[in-house]
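First to last, the protein sequences are chains D and V.
Here the first sequence stands for residues 1 to 351, where the numbers follow the numbering used here.
Here the second sequence stands for residues 1 to 604, where the numbers follow the numbering used here.
It is possible that part of the hints are untrue.
Label-pair distances were calculated between CB atoms; the ranges are [what the hints assert, rightly or not]:
(1) LYS473/V with ARG16/D: 49 to 55 Å
(2) LEU145/D with ASP576/V: 45 to 51 Å
(3) LEU12/D with GLU466/V: 36 to 42 Å
(4) GLY270/D with GLU254/V: 32 to 38 Å
(5) PRO279/D with LEU58/V: 30 to 36 Å
(6) ASP13/D with ALA483/V: 42 to 48 Å
(7) ALA345/D with ALA483/V: 29 to 35 Å
(8) ALA342/D with GLN271/V: 22 to 28 Å
Keep in mind that the hints were calculated from the coordinates and are not lab data.
For glycine and all other residues, C-beta sits at the position ideal for the given N, C-alpha and C.
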Amino acid sequence: MPSISKPIVPTLDLPRNAIGLTVRDYEGSMSTLCAGCGHDSITAAIVHALWELAVQPHMVAKLSGIGCSSKTTAYFAGSAHGFNSVHGRMPAIATGAAAANRDLLFIGISGDGDSLSIGLGHLCHAMRRNVRMLYIIENNGVYGLTKGQFSASADIGSKLKRGQPNRMAPIDPIMVGLSTGATFLARGFSGDKDQLVPILEAAAMHRGFALVDVISPCVTFNDHEGSTKSYRYTREHEVRATESDFIPPRSEIVASLPANGATRVAMHDGNVLTFRSVPDGYDPSDRTSVSHYLEQRHDAGEIATGILYVDESAPDMHELSNSVSEALVHVPFDRLCPGADALTALQDSFA
Amino acid sequence: MTGVAAAPGVRVNDFALKLANVNGTGSASANSLLMEAIFRMGVPVSGKNLFPSNIQGLPTWYEIRVNHTGYVARTQEYDLMVAMNAQTYDRDIEEVRSGGYVLYDSTWPLDSGLERDDVTFLGVPLAKLCNEHFSSARERILMKNIVYAGSIVALLGIDTALIDRLLDEKFAGKEKLRNSNHLALRLGREYAAEHFDCPLSIRLAPIDAGNDRILIDGNTAAALGCLYAGATVAAWYPITPSTSLMDAFTSFCERYRRDPESGANNYVIVQAEDELAAIGIVVGAAWAGARAFTSTSGPGISLMNEILGLAYYAEIPAVVIDVQRTGPSTGMPTRTQQSDILECAYASHGDTKHILLFPANPHECFELAVRAFDLAEQFQTPVIMLSDLDIGMNDWVVPRLTWSDSYRPDRGRVLDAAALERLTAFRRYSGFDANFVPARTLPGVSPLGAYFARGSGHTESGVYTEIPDEYQKVLDRLANKHAATANHVPEPVIERRAAAHIAVVTVGGCDLAVREALEELHERGIDADYMRIRGFPFGTTVESFLDEHDTVFVVEQNRDGQLRSLLSLETHVNKDKLRSVLFYGGFPLSAATVVDGVARQLRR
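Isolated chain D (complex conformation):
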């Protein structure tokens, strides 16, 4: 993961967020991905979302596995700790870090190889545990760094650059999430920043594991005719299943809510997630209806995007563990060690 520092370019007065920071304060080093890579657009959306959320950059912890996608952690929030771990294991490492310090905003960046092949088990179990984190899959259907093999998210019939079609069923992380207890599931498209930014904001504020699957075309190995993860194919087949706004508690809610199935979800910390439109009969808090709708869209050859499923009521890992509200790393040693007298008393029962 080579890294190039960004040149400091004097800029005109950039707008400042609630804590006085500009977008530049949320950037990282220069991307070394291919020009036009969808992942860089996702980075831009993350930077924008973090700026809008006005989080302290050093309170972010960025984790990734291995692959093109996993390089992304270097390209935003340069003053946050990062951990570029090993292939597929990032959900486990993030689970441990989240257990240790619940005060941080955890952002995991992964790819379809990292999350849907080598690390699929870890992803499922992080969802089951409802580890509080924003987990982004930069999904391009292909292995980039090893030069263009199919990944587990490649659709049946999708073709490699040299023409071979994929004949095995794809693993859809949203459907996996629905069946393994995920509490926030969304899909975006790297070419649609307007939709992606509020999705990322809501996901970052979700109390639990928030999976955002972002279709992110690989311009080098999977953007050709016959690919179902190309810019063109995604643009032609994307349907915005839901339209939603993320409203932080300090903003006045002024948006008028249309009548067609609009739903408001009160989030943890007072945020509100508002669905401006959802399809008829679609309830983003109802696993069955979401599942049914997604199956239909899939059968119609469409890519449904938007915030697809939200459950704000499920306990996260810390609630499931009944752990203290403060970060474990801040609990002083005196409260952790029972001391000499307790050891003596305990051993009386062994003597």
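Fit chain V to the supplied structure of chain D, relying on the hints for placement.
Okay, now just chain V, sitting in the frame of chain D:
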């Protein structure tokens, strides 16, 4: 059917018994009751559970050895066999030493083919007594064990008041069970007293041993060490024989780590999806600043290799407790071995070396577990403590564990916000100290401390690199850092004898058997010095001990002489003078194996 046995002399507090049972029939509680009673009489004792990887129906044995001088390693000289398993009658009866005793259920006659003239058969109608006094089918099976325990109480002269008290403690609040157990115990005791000449020639006599010893297994002690060291995050995947370690840690946490005001937990324990995740969780938690650990066994270590390499290279503390069992592969999951030494020393691909700690008994499991956390944080690297099934799952009599309230965790070099302010720039892997340890920072503390932890090639600033010099600089310092830990791992235990030219070197749970063997060799006119290694990398004490001796026997429980290999690789010793004495069948080591192994090679 009482065989005519040669009358042996009376032996007080020096004998061994073996109880042959069918697993899943409730014998474990009767056997440990006997062991505990002997312990409470102040007599040095060990109890070794030789059990199958199975829940019900297979042979299982429990061995109790009593030895007034404290040599309670496993012995294969059985004075009394409690033969409760028809499947293994023939072998069990054959194993009793000449002049010994066999206690069996005489409800049914014993096959005449099993008779031996040189042992005394003690028939107790266990099933008959139980059928007469208990009504439920389950009780009739379970109580047979307590009946034989009662007979043994009379046969060996176990203090009856003491064992009654033990039963009262065990079944406090469970009136019905308590009464049944008392009844069964009395039935066995009275039958033996009426029918046999009690006590036998092997018998117990109480010793005033004071109150400074406890009965504890290594997994419980190690869990206590983790508790006292301040571990807040634990992750694991169930695996024999380490499961009871995390079970113990969990129950200690429930007892000692609940916030008195909120009732919330000052810990998180994650039962992971596999060992890959377990070590990942540990490394993630330690990266974030918590003391974290996992416990596992050989197959788990195999899976953890990749992330152990990451932690080594990215310099993140991690504590792993490996309760070894037999390998390779699944091996024999309920049998002991010391066969993960090399695996752990060099776990993971690439140039990696780890700190290893080798406890010999539960007392050291406690102490070295605490030490493991300090070393891991001081050196920002994984530390693997290698226990084994025998230490971990069997009850041992050890000196009381002690704790100093002045203990403070050694968190190593961690920069806080103020320290970062004073620096011109923070570079994660530069500015190292005399031990080649650089300072680290924790997430969420200061924007000035941000860096990228990575398993890919990196510079002293932690930035990705593919430039040979930059990469090698970090890798070379890691080698120096590992070498520097040699002065910080626990020193070996050395016992010298006047004029000894040969030495025996061993590790971990071989301790008692080897020391007993050295005593026996001494009686045969062979004097050998003793060194038990407690840490890796090896320091100068290990080096000079090896230098001082012409011949060094390395006693260990694996096929390939892994400790011998490690000594050959990691010290300057001439490997020709290292000779292996090996035992790796899965049962704990006995002194006889060591004596034979050494004596045989000396005769050559």
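Results for each hint:
Evaluation of the 49 to 55 Å hint for LYS473/V and ARG16/D yields a failure: the beta carbon distance comes to about 41 Å. For the hinted restraint 45 to 51 Å between LEU145/D and ASP576/V, the CB-CB distance of approximately 48 Å keeps it satisfied. Separated by about 37 Å at the C-beta atoms, LEU12/D and GLU466/V satisfy the suggested range of 36 to 42 Å. Distance hint check for GLY270/D and GLU254/V: the Cβ-Cβ separation is about 34 Å, which falls inside the suggested range of 32 to 38 Å.
With their beta carbons about 59 Å apart, PRO279/D and LEU58/V fall outside the hinted range of 30 to 36 Å. In this structure, ASP13/D and ALA483/V break the distance hint of 42 to 48 Å, their C-beta atoms being roughly 55 Å apart. Between ALA345/D and ALA483/V the C-beta distance comes to about 42 Å, which lies outside the given range of 29 to 35 Å. Look at ALA342/D against GLN271/V: about 26 Å separates their beta carbons, and that is inside 22 to 28 Å.
Hint compliance for this structure: hints 1, 5, 6 and 7 are not met, and every other hint is.
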